[in-house]
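Trainee: Sequence:
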Amino acid sequence: MSADFTLWQEVANEAAREAGLHALNQLHRRTELAQKLEYDVKLQLDLECQARAEEVIRNRFPEHGILGEEGRRASAANSPRWIIDPIDGTVNFFHGLPLWCSSVAVQWEGQVMAGAVFMPELEDFYTARIDGPALCNDRPIAPSATASLADSMILTGLSKHIHENPVAFDLLKELTLLSQKVRVMGAAAVDICHVACGKADGYVETGIYIWDVAAAGLIADRAGARAEIVEELSEYRYRYICTNGKIDGEIKALLNRFPAGVEGVQGPK
1 MSADFTLWQE
11 VANEAAREAG
21 LHALNQLHRR
31 TELAQKLEYD
41 VKLQLDLECQ
51 ARAEEVIRNR
61 FPEHGILGEE
71 GRRASAANSP
81 RWIIDPIDGT
91 VNFFHGLPLW
101 CSSVAVQWEG
111 QVMAGAVFMP
121 ELEDFYTARI
131 DGPALCNDRP
141 IAPSATASLA
151 DSMILTGLSK
161 HIHENPVAFD
171 LLKELTLLSQ
181 KVRVMGAAAV
191 DICHVACGKA
201 DGYVETGIYI
211 WDVAAAGLIA
221 DRAGARAEIV
231 EELSEYRYRY
241 ICTNGKIDGE
251 IKALLNRFPA
261 GVEGVQGPK
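Sequential numbering of the sequence shown, starting at 1, is according to the numbering used here.
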């Protein structure tokens, strides 16, 4: 098959917009639970927003596969696969914090080809495709020029599963001591896009999922930042960093001081 990057980008944009607008328009229902987990929530709107995004994709590409935080569908051999996180930052959304987004990417032959991250309450729409620039609200973006970890703002996350792997607290402590500031925002795709556009200098996670980073990672790369899977921990789950391209050596050196498979720096959203 041939790749139509323009069409794939249009569909990714439409699917992310449809999911995000449905969540935004249903904010009054943000606390409706589909499932209560030990340290997390799964919302009815998670399921509805994924269904909205999937409908957009199925209408254009019924033969393509779908991998989402809320479910998956196998694809035909050599067909593209769409990767969806309908509400990244679910707990933020649940509590009324505006740091959440809808993320859609399309992957073909193992590479992400196009992606969209829509942040409805921030009114920011990030997009990129493999052969073009990264944009926010149709304007080109670029990462920061910060050259050292000591001068950097680093974004990360923290899970309550930390008791199972207390070394993750040591990583957080070291990040805090070695950087200018560490911030825990609670939405991986939002964080990575903020590195891509220069609002933060780096991002690190020791247990993040493909649907959290697929679209945002491409956006970061096309912006001139550097997004990287440091290690695959299990199917769909990685040790992962994203930096402005100038501090990745320091970040990786720090991450490598801590055991692989550490939970706690952000589990599923």
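Worth double-checking, as some hints may not be accurate.
DSBU-like mimics (lysine-lysine), calculated; alpha carbons at most 30 Å apart, straight line [to be verified]: (1) K173 with K199; (2) K181 with K199; (3) K246 with K181; (4) K252 with K173; (5) K199 with K246; (6) K252 with K181.
Just the calculated beta-carbon pair ranges, DEER-fashion [said to hold, decoys possible]: (7) K252 with F169: 30 to 40 Å; (8) L27 with G110: 35 to 45 Å; (9) V91 with N25: 14 to 24 Å; (10) L97 with N137: 35 to 45 Å; (11) V184 with R60: 33 to 43 Å; (12) K173 with K199: 45 to 55 Å; (13) N256 with L122: 15 to 25 Å; (14) G110 with D4: 11 to 21 Å.
Worth flagging that the hints you see were computed from the coordinates, not collected in a lab. This one's a predicted model, so the numbers in the text were calculated from it and none came from an experiment. Glycine is no exception: its CB is placed at the ideal position from the N, C-alpha and C atoms.
Trainee: Against each hint, give a clear statement of whether it holds in the structure.
Mentor: Hint check results:
no.	hint	in the structure
1	K173 with K199	22 Å, holds
2	K181 with K199	13 Å, holds
3	K246 with K181	17 Å, holds
4	K252 with K173	16 Å, holds
5	K199 with K246	15 Å, holds
6	K252 with K181	17 Å, holds
7	K252 with F169: 30 to 40 Å	20 Å, violated
8	L27 with G110: 35 to 45 Å	37 Å, holds
9	V91 with N25: 14 to 24 Å	20 Å, holds
10	L97 with N137: 35 to 45 Å	21 Å, violated
11	V184 with R60: 33 to 43 Å	37 Å, holds
12	K173 with K199: 45 to 55 Å	24 Å, violated
13	N256 with L122: 15 to 25 Å	33 Å, violated
14	G110 with D4: 11 to 21 Å	18 Å, holds
Of the hints listed earlier, those the structure fails to meet are numbers 7, 10, 12 and 13, in rising order.
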